[in-house]
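Chains as they are written, first to last, in the working numbering: chain A, 275 to 678; chain B, 22 to 359.
Calculated directly from the structure, the hints in this document are not laboratory data. Every residue gets a Cβ at the ideal spot worked out from N, C-alpha and C, and that includes glycine. Each hint can be trusted.
On the chain B side, residues computed to face chain A include the following (Cβ under 10 Å):
1. Gly240
2. Ala259
3. Arg260
4. Ala266
5. Thr269
6. Val275
7. Glu283
8. Ala284
9. Ala288
10. Asp336
11. Val346
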Amino acid sequence: MDLRLRPAEQEFRNRLRGWLAETVPGLPPRPPGDDWSARRRYDTGWQRTLHDAGYAGVDWPSEHGGLGATPTEQLIYLEESAAARAPYIGANFVGLLHAGPTLIVEGTDAQRTQHLPRILRGDEVWCQGFSEPDAGSDLASLRTAAVRDGDHYVVNGRKVWTSMAQIADYCELLVRTDPDAPKHRGISWLILPMDTPGVQVRPLLTAAGSSEFSELILDDVRVPVANLVGAENDGWRVAMVTFSFERGTAFIGDVIESRNILGEIADIARSTPAPGGGTLWDDAALRRDVGRLAADVRGLWALIGKNVSEASAGLVPVQGASVFKLRFTESRQKIGDLAAHVLGRAALAVSDVPGVVGGRNGHLVEDRITTLAWTIAAGTSQIQKNILAERSLGLPKEPRWTSR
Amino acid sequence: MDLTLSADQRALQVGLRDVLADLWRAEHLREAAAGAAPGTKDWSRIAELGVFGVTVPEAEDGMGLGLADAAVLFEELGAALVPGPLVPTALAAGRVAGTIDGSAIVTMLDLRAPVLLVEHLDLATHVVAVDADGLRLLPADALAATPVQTPLDPLTPLWSVSGGGRDLGERIGSAAEVADWMRRGAVLNSALQVGVARGALDLAVRYALERIQFDRVIGGFQAVKHLLADSLVRVDVARAAVLVAALTVDDPQVAEATEAAEAVAAAKVLADEAATLGGRSGLQVHGGMGFTWEVLAHLYLKRAWVLETSFGSADEHAAFLATRVSAVSAVSGVSASG
Chain A
275 MDLRLRPAEQ EFRNRLRGWL AETVPGLPPR PPGDDWSARR RYDTGWQRTL HDAGYAGVDW
335 PSEHGGLGAT PTEQLIYLEE SAAARAPYIG ANFVGLLHAG PTLIVEGTDA QRTQHLPRIL
395 RGDEVWCQGF SEPDAGSDLA SLRTAAVRDG DHYVVNGRKV WTSMAQIADY CELLVRTDPD
455 APKHRGISWL ILPMDTPGVQ VRPLLTAAGS SEFSELILDD VRVPVANLVG AENDGWRVAM
515 VTFSFERGTA FIGDVIESRN ILGEIADIAR STPAPGGGTL WDDAALRRDV GRLAADVRGL
575 WALIGKNVSE ASAGLVPVQG ASVFKLRFTE SRQKIGDLAA HVLGRAALAV SDVPGVVGGR
635 NGHLVEDRIT TLAWTIAAGT SQIQKNILAE RSLGLPKEPR WTSR
Chain B
22 MDLTLSADQR ALQVGLRDVL ADLWRAEHLR EAAAGAAPGT KDWSRIAELG VFGVTVPEAE
82 DGMGLGLADA AVLFEELGAA LVPGPLVPTA LAAGRVAGTI DGSAIVTMLD LRAPVLLVEH
142 LDLATHVVAV DADGLRLLPA DALAATPVQT PLDPLTPLWS VSGGGRDLGE RIGSAAEVAD
202 WMRRGAVLNS ALQVGVARGA LDLAVRYALE RIQFDRVIGG FQAVKHLLAD SLVRVDVARA
262 AVLVAALTVD DPQVAEATEA AEAVAAAKVL ADEAATLGGR SGLQVHGGMG FTWEVLAHLY
322 LKRAWVLETS FGSADEHAAF LATRVSAVSA VSGVSASG
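Kindly generate the complete structure, drawing on both the sequences and the hints.
Structural data, given as structure tokens:
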């Protein structure tokens with residue numbers, strides 16, 4: 275057991291920190307949230323910058339063009355990027371964290387050659403077509419049908435919660451290729467080019483007022499059989515490979531952001547007058563709440579250290595990933611509520627209003643809304659608890675209510 | 022960075038777990054809870070395993086290991102609900118002769134508390150009195166104390182101190198050493214709490230897999246599964262925080278002294294939460310039986326309630342952490358290496 279970094283890791287941190295300090299201040303301002311083509315340009319531009327500096331695909335193996343960094347170096351990368359307030363992975367998320375790693379493990383040589391270098395350079399943006407209106411937590415009940423017609427599949431169905439669909443070049447698509455097989459055994463994983471005729475993108479407005487998500491309507495969409503990843507009807511297993519990347523490290527930067535937000539809340543409370551005199555910070559109950567959430571953040575960071583250590587030892591931190599997601603998302607929502615408490619009626623405005631100390635209520639209020647999605651996306655808290663209860667505690671599995 | 026248990030740590034952990042499974046079986050706990058207080062014989066057997074001298078140098082008959090190693094072992098002591106002044110004795114090892122082999126048993130009196138209660142005075146040979154100006158050591162019989170008729174935790178007998186603590190005894194530590202005593206004590210106390218939380222969870226999971234209602238084991242109901250999953254989350258988060266706190270306290274390279282203090286405070290907050298909420302859920306899962314003296318669930322919760330009052334309450338630690346929260350200073354210090 276050791277908290278210290280190895281010399282090579284410390285060197286990696288120093289070099290990266292220096293590069294970020296040189297690079298981040300010169301970046302153009304971030305585009306507004308709903309200007310999707312500007313966001314694509316900005317996010318992929320940052321990916322190109324990372325690529326040219328040799329920092330693209332930190333977690334990808336070096337034989338596929340990545341950095342081949344150790345889990346600890348990946349942690350350092352995310353930690354330093356968040357501390358430097360470098361751009362978020364944004365539009366590159368699905369390509370870098372889902373599709374690319376899945377193709378590395380499951381793709382053909384032709385698929386890898388076509389896509390991996392372009393994902394790393396920021397030339398290609400991916401979106402995810404997994405969930406459906408009637409297949410959410412019960413993803414394996416998905417019904418989007420792919421019927422073989424010569425060397426193509428003809429795809430019909432609907433997908434939902436597809437982030438960045440309006441600017442994506444490709445979609446990782448789960449389809450049902452065998453409607454008669456048990457539900458987990460008739461699914462395939464396809465690469466769908468988003469410019470294929472019959473693909474319609476219909477933006478959904480989120481509770482945060484953003485059109486981040488879309489619905490995909492697929493109407494007689496012809497996808498080459500060559501775009502199949504893994505074997506036909508083996509797509510559920512391939513999707514599980516994809517998910518194993520999703521649950522690893524995606525939230526590390528967000529824990530640092532939790533700490534930053536908590537710090538902002540405390541600073542606002544310290545200089546906001548209280549109704550009876552003094553400041554809001556004079557309230558011991560408020561300080562206790564801040565302190566408890568600060569303990570949460572430290573506990574989560576310790577847990578990340580443990581998960582990364584397990585990954586370094588060649589283990590897959592399955593339990594650690596669910597534990598982390600449950601506690602982190604719950605804790606961040608509490609931070610949002612605390613922000614609202616400190617902001618008072620300024621918490622009613624998602625845009626900045628005069629009179630707030632520091633003048634930055636808007637992003638705190640927006641974060642409070644945005645993070646409502648976090649206990650739902652990527653496996654709801656309730657599904658995560660089932661996973662822990664069944665896989666870690668050995669309690670009985672949920673009964674199978676469906677006949678298939 | 023490596024937060025996994027080493028082969029040596031795992032061997033120590035398993036060794037202690039095996040001995041405790043034999044020494045502290047449920048019947049033994051029940052007997053002790055019924056009034057047959059554990060004696061010095063049990064204490065000697067635990068001391069033989071070396072748990073009190075983990076961080077004492079080998080030249081002084083200790084194991085010469087770190088606070089994290091001690092935390093790993095103290096989690097096991099907590100999970101087995103081993104009674105006795107475990108933390109003060111371990112803290113006194115190296116200062117008080119005989120603690121490592123079990124011949125000296127050290128309890129603690131925190132003179133800064135408004136109500137002066139001392140635990141396990143019958144078992145103890147010595148008392149360390151903690152005050153703002155330092156640590157003093159006195160023989161256990163030097164305290165004027167009367168037994169508390171009914172302690173909350175039947176395995177943690179209490180004495181009410183009416184005098185004698187304040188000026189008696191030999192000075193064994195300065196005011197600066199009080200901070201170190203409290204810090205290391207909070208880590209070990211938190212490790213016990215993680216163990217208590219884990220023990221309560223294990224007991225509840227076993228029961229949930231046996232107890233049948235509505236023709237199913239109750240562990241198959243989501244309401245029960247989620248209660249237990251919540252406990253598991255708290256145990257894992259607290260354990261990680263305790264190990265990081267132990268390593269941070271031991272790390273000579275930690276630049277800021279407050280970094281260790283913050284890591285320890287977070288560990289105590291999270292471990293108290295894991296043990297008290299986990300103890301409560303454990304009792305709840307047992308249903309009506311959970312409210313009986315016979316089922317051990319109440320002993321876990323009561324021990325959690327005892328330990329949460331020691332080495333600073335979660336509220337005190339949270340209040341300290343709050344003083345350190347600011348966006349202005351938030352750029353470094355997330356990881357010990359930052």
